[in-house]
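2 protein chains.
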Amino acid sequence: MSEKEHPRDDLLTTEELAHGMDVDTLVVDEVRLAVAMHNAGAVEKTLDELDPADAADVVEQLSAGETQAAARLAPGAFGGDVLAELSDDALEDVVESLNPRQLADAINEMEMDDAVQLVEELEENFRTGVLKQLAPKLRNLLESSLKFEEDSAGRLMQREFVTAPQFWTVGQLIDHVRQSSNENLPDVFYEVYVVDPAFHPVGTVALSTLIRAERNTPLTEVMTSLRAIVTPQMDQEDAAYLFEKYDLPSAPVVDNEGRLTGMIMVDDIVEVLHEEHKEDMLALAGVHEAGLADTVLETVRSRAPWLVINLITAILASAVIASFSAVIAKIVALAVLAPIVASMGGNAGTQGLAVTVRAIASRDITSANVRRIILREIMAGLINGLIFAVIMGPIAWLWFDSVLIALVIGAAMLINLLIAGLAGILVPLGLKRFGADPAVASSVFVTTATDVVGFFVFLGLATLILL
Amino acid sequence: MSEKEHPRDDLLTTEELAHGMDVDTLVVDEVRLAVAMHNAGAVEKTLDELDPADAADVVEQLSAGETQAAARLAPGAFGGDVLAELSDDALEDVVESLNPRQLADAINEMEMDDAVQLVEELEENFRTGVLKQLAPKLRNLLESSLKFEEDSAGRLMQREFVTAPQFWTVGQLIDHVRQSSNENLPDVFYEVYVVDPAFHPVGTVALSTLIRAERNTPLTEVMTSLRAIVTPQMDQEDAAYLFEKYDLPSAPVVDNEGRLTGMIMVDDIVEVLHEEHKEDMLALAGVHEAGLADTVLETVRSRAPWLVINLITAILASAVIASFSAVIAKIVALAVLAPIVASMGGNAGTQGLAVTVRAIASRDITSANVRRIILREIMAGLINGLIFAVIMGPIAWLWFDSVLIALVIGAAMLINLLIAGLAGILVPLGLKRFGADPAVASSVFVTTATDVVGFFVFLGLATLILL
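Here the protein sequences come in this chain order: U and P.
In terms of my numbering, the first sequence opens at residue 23 and continues consecutively.
In terms of my numbering, the second sequence opens at residue 23 and continues consecutively.
Among these hints, one or two may not hold up.
[What the hints assert, rightly or not] Straight-line alpha carbon distances no greater than 27 Å define the calculated DSSO-like cross-link-like pairs of lysine-lysine that follow:
1) K154/U with K169/U
2) K159/U with K169/U
3) K352/P with K352/U
4) K169/P with K154/P
5) K267/P with K67/U
6) K267/P with K454/P
7) K169/P with K159/P
8) K267/P with K267/U
9) K67/P with K267/U
10) K267/U with K454/U
By construction, these hints were calculated from the structure, which means they are not laboratory data.
Please read all numbers here as calculations on a predicted model, not as lab measurements.
Construct the entire structure; sequences and hints are all you get.
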């Protein structure tokens with residue numbers, strides 16, 4: 023639809039409504055073919071005809087090699103508007119294939135926040151080369167943004183925003199906006215920040231309020247107090263939390279002296295939420311930084327470290343089994359049943375873990391409710407333990423015709439599910455307290471605990487009772 | 023800060039900057055105490071003094087029982103502004119304790135989309151009672167929104183939005199907005215939709231563009247084409263995807279004839295992203311609809327079903343072990359090593375699964391790249407298999423002093439990690455094709471496959487080679 027800048031009176035077709043939902047595979051194939059045939063004109067033409075967000079989607083479907091070839095072939099198709107929409111993976115492949123001059127051109131077309139996201143992905147030396155090609159003013163702004171830590175609010179903010187002194191009227195503000203050159207205004211903004219003489223933000227006026235107000239109304243009458251203020255040092259997740267909590271369309275960023283220095287927009291926050299969620303979910307499953315364009319070797323590299331850790335803990339658990347070899351040699355049923363106890367513990371622990379990690383990320387666990395939640399998890403573990411002891415006992419009895427084995431597995435199940443409940447809540451909370459990311463490290467501790475305890479309690483009780 | 027509606031020139035303190043980041047536990051304790059002492063006035067006063075979003079956060083810290091007691095005691099503290107900010111769990115507890123009259127009062131203060139989110143949580147009979155208390159116009163609007171399916175875009179949309187015919191000028195539009203009564207305008211809006219005579223949206227004008235334009239400019243000159251249009255039947259996840267892709271602040275919703283019928287705002291989409299993330303993450307871990315305010319029994323109920331399924335699959339895997347009892351009785355080392363093969367497969371499968379579920383949710387897997395990704399996962403599985411075969415073989419050799427056992431576990435590891443790679447990608451894609459939610463059901467299939475194959479291949483090869 024992007025090429026239609028003029029009104030139309032035809033009805034929308036279902037196809038048009040579905041526009042944007044799925045990438046057009048025909049277009050992807052077209053680009054792929056053009057790249058294979060080294061047809062630069064065709065690559066450029068096909069991508070240029072699309073909405074930049076759609077063009078970015080098409081590029082994301084290509085393999086890393088195809089993306090690099092496309093960028094080398096048709097650098098003109100990778101303008102600032104497309105680069106701003108690319109995923110980090112695809113962006114990396116594209117920038118590798120452009121020269122500093124081409125990248126600088128793209129950066130000149132971008133908003134500050136998007137430009138920062140691009141420049142931060144560049145290798146040190148290459149970055150210096152690109153920055154040299156930029157106008158001194160833009161270079162300085164970019165360099166000062168890059169001084170903020172990665173994943174901080176400072177990296178997300180744009181330097182263009184609209185302010186008004188608190189003694190202005192609605193009319194004065196509107197005239198000011200009209201007379202400002204477009205260069206000094208953000209492309210899009212949803213609110214104006216009212217500042218005091220020291221440039222501290224004291225309130226905000228939504229454009230939808232501004233447009234309705236009489237020209238002679240003082241701004242102080244139509245402004246509302248700020249519901250949230252962000253600092254550049256704040257973690258981007260914390261900034262996202264404020265947007266979510268207070269339903270903000272944008273937020274002011276202030277420096278150490280409390281002076282307005284930038285603005286963060288909600289569309290960048292939507293991006294952050296998406297990234298952080300992906301990270302949490304993959305971290306829980308033990309995957310480190312995965313992208314769809316990854317090669318086979320990158321995929322192996324992102325997963326093998328976790329499998330090494332898992333191998334160590336699995337060997338640890340097996341060592342527990344090995345220490346009970348004598349009793350297993352006499353009663354093989356124990357080797358059959360032991361994995362059930364460990365598996366149930368692992369699953370129950372993972373459930374509690376996922377709930378806790380999610381609650382920590384949403385800031386739902388606080389000192390006001392943490393004791394109640396720990397108690398709840400322990401009680402739930404105990405009740406689950408009772409339920410599955412009562413279910414598994416009779417099954418073991420019927421299977422191996424032994425009341426004693428039934429008692430042993432029942433008791434082991436009860437204990438291991440209680441341990442699972444404890445570990446599922448205490449491990450992530452403990453890691454958080456020590457400053458570690460609970461999503462990344464919890465799972466190995468929890469499953470090691472439930473495996474080791476599961477095997478030890480079951481085989482230990484069996485040794486005591488059956489021998 | 024909500025009570026300060028007037029400018030100030032003091033510096034911001036760190037405390038003020040941290041405002042909103044953490045719930046004030048002193049306030050939570052205050053409310054808790056007031057509830058325990060049946061002090062209605064204190065409950066109401068404490069909550070009223072907070073920003074509604076903060077008041078909601080405080081309520082979310084209470085247990086279900088405390089929340090119900092607080093709502094019964096001080097219904098006035100649970101106005102529309104607070105109810106709109108509450109999580110579904112807490113909302114459920116509050117509405118149970120209010121009568122239809124009180125709820126209707128709260129609904130009258132709310133925006134349509136928030137009102138729908140509240141009413142949809144009510145029990146059938148109670149809902150009818152509440153709707154009866156509302157003005158016919160509002161009731162009709164609510165009832166027509168509720169006709170759309172749960173989790174559809176129709177439930178998210180508000181009915182207030184601003185439109186302009188395509189032949190208007192900027193000045194005419196601004197005058198129209200100024201003269202409209204506040205009742206007919208949304209509280210906040212970021213753009214105006216330009217419509218044709220049949221009320222089909224043909225473009226959008228951002229307020230930040232409108233405010234800068236000359237009064238006599240035709241709207242068609244400043245409007246941009248619509249990047250996305252939503253239908254009420256669309257799944258809310260699909261709507262969220264469009265917002266994310268096109269960086270939208272709001273989106274028009276059209277009916278079956280393509281006529282503008284509603285508007286969705288980005289803050290509702292942020293909420294949707296949050297909910298969907300939570301659901302995906304918990305579903306992967308086998309937790310069904312968990313809330314922090316849940317009681318112990320609700321917690322058990324949300325987790326036991328998954329544990330029952332896991333018990334069945336664990337017994338299935340144990341049956342495989344049992345069928346090899348004869349060889350285990352002769353070589354106990356097999357009982358020690360078998361769980362390692364199964365555990366490694368389960369973990370590798372879960373990694374692939376998490377990556378795939380995430381990619382499906384982000385619509386990153388399409389027919390244009392699915393073959394490449396499947397191939398990549400299989401190759402990665404094979405390489406991981408080789409790596410861990412080479413690591414585990416020598417360990418087993420040293421541990422049990424048997425080259426044959428080393429060969430058996432190496433081969434089993436290779437095969438099981440290949441199966442894990444296959445299952446991790448094919449199970450979620452297959453479930454998706456059959457219309458099931460890959461986040462919910464995949465994990466049981468994947469781990470059952472890796473457990474059963476792991477035990478079978480390892481013990482089977484052992485029987486063939488060692489006996």
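Agreement of K154/U and K169/U with the hint, judged by alpha carbon distance not exceeding 27 Å: Cα-Cα ~17 Å, so holds.
K169/P paired with K159/P [C-alpha distance capped at 27 Å]: Between K169/P and K159/P the Cα gap is close to 16 Å, so the pair holds against 27 Å.
Does K154/P sit within 27 Å of K169/P, going by the straight-line distance between their CA atoms? Within the cut-off at roughly 17 Å; holds.
What's the verdict on K352/P and K352/U, does the C-alpha distance respect the 27 Å limit or exceed it? It holds: about 10 Å lies between the C-alpha atoms, which stays within 27 Å.
If you draw a straight line from the CA of K267/P to the CA of K454/P, is it 27 Å or shorter? Judged against 27 Å, a Cα distance of about 22 Å means the pair holds.
For the pair supplied as a hint, K67/P and K267/U, confirm whether the alpha-carbon distance does not exceed 27 Å. holds, 22 Å
Restraint check for K267/P with K267/U, where alpha carbons must lie at most 27 Å apart: holds, 22 Å
For the pair supplied as a hint, K267/U and K454/U, confirm whether the alpha-carbon distance does not exceed 27 Å. Cα-Cα ~22 Å, so holds.
Going straight from one Cα to the other, do K267/P and K67/U come out at no more than 27 Å? Between K267/P and K67/U the Cα gap is close to 22 Å, so the pair holds against 27 Å.
Run the distance test for K159/U versus K169/U: straight-line Cα separation, threshold 27 Å. This hinted pair holds, its Cα atoms lying about 16 Å apart.
Hint violations for this structure: none, all hints satisfied.
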